[in-house]
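Chemist: Let's have the full structure, built from the sequences with the hints guiding it.
The working numbering puts the last residue of the sequence shown at 1108; the count rises by one with no breaks.
There could be a bad hint or two in this list.
Derived Cβ-Cβ restraints for the label pairs, each shown as a range [stated by the list, open to error]:
| # | residue 1 | residue 2 | range |
| --- | --- | --- | --- |
| 1 | 1064 | 989 | 21 to 27 Å |
| 2 | 1080 | 957 | 26 to 32 Å |
| 3 | 1087 | 969 | 35 to 41 Å |
| 4 | 950 | 1080 | 32 to 38 Å |
| 5 | 1085 | 956 | 18 to 24 Å |
| 6 | 981 | 1085 | 43 to 49 Å |
| 7 | 950 | 1087 | 33 to 39 Å |
| 8 | 1074 | 1025 | 29 to 35 Å |
| 9 | 1087 | 967 | 33 to 39 Å |
| 10 | 1017 | 966 | 17 to 23 Å |
These are calculated hints, taken from the structure and not from any lab test.
Yeah, the Cβ is synthetic: ideal placement off N, Cα and C, and Gly gets one too.
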Amino acid sequence: MSSAASGVVSGVASGAEPSTVEVLLARLDPEVPAPDYARPGDAGADLVTTSDLVLAPGERAVIGTGVAIALPVGYAGFVHPRSGLAARVGLSVVNTPGTIDSGYRGEIRVCLINHDPARPVVLHRLDRIAQLLVQRVERVAFREVTALPASDRGSGGYGSTGDHREPSSPAGTAPSREA
930 MSSAASGVVS GVASGAEPST VEVLLARLDP EVPAPDYARP GDAGADLVTT
980 SDLVLAPGER AVIGTGVAIA LPVGYAGFVH PRSGLAARVG LSVVNTPGTI
1030 DSGYRGEIRV CLINHDPARP VVLHRLDRIA QLLVQRVERV AFREVTALPA
1080 SDRGSGGYGS TGDHREPSSP AGTAPSREA
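Modeler: Next up, the structure:
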């Protein structure tokens, strides 16, 4: 039986608890819940808003979460959108992901944007608005060279690994945007 079939992947049994790192938390608003994971195995802990807010179509706003954290050196926090809010109402995080450095001690604030072209997004105090991922990060020692080593990809950038034209468009043509 393969290790994947037996429920063991890379030496870790499926369903095993992931490793944890202690992060100090200060609640700046006593009614705000601590960031929490909705389900076992979730990568992101939910963050909530401290205020009621209506975001008009295309509008953005920076809103507080009522919490501050102290991350250990070697870790960073990343604020991501909640996929359900993005899919249902077009709410996203402008600077996805928002980065929280280990030395930052202020309130976690989230820069939200309403991408829906027609409808406002209504948020109420304590609604879940984003998710916080905490990850180990490495410092990089940059070494300048006169030329980089070759690779299969080379300098191919945006769009170089796939062809994403609309299915109804003939190869090499741009789809019409006229109504």
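Chemist: Now look at each hint and say whether the structure bears it out.
Modeler: Here's how the hints hold up against the structure:
Range check, residue 1064 to residue 989: about 25 Å between beta-carbon atoms, so the 21 to 27 Å window is met. For residue 1080 paired with residue 957, a C-beta distance near 47 Å fails the hint of 26 to 32 Å. For residue 1087 and residue 969, the Cβ-Cβ distance of about 37 Å falls inside the hinted range of 35 to 41 Å, so the restraint holds. A hinted range of 32 to 38 Å holds for the C-beta pair residue 950 and residue 1080, which are about 34 Å apart.
For the hinted restraint 18 to 24 Å between residue 1085 and residue 956, the CB-CB distance of approximately 47 Å leaves it violated. At about 47 Å, the beta-carbon gap between residue 981 and residue 1085 stays in the expected band of 43 to 49 Å. For residue 950 paired with residue 1087, a C-beta distance near 35 Å keeps the hint of 33 to 39 Å intact. Between residue 1074 and residue 1025 the beta carbons are some 32 Å apart, a value that agrees with the proposed interval 29 to 35 Å.
Between residue 1087 and residue 967, the C-beta spacing of about 34 Å keeps the proposed range 33 to 39 Å intact. Look at residue 1017 against residue 966: about 21 Å separates their beta carbons, and that is inside 17 to 23 Å.
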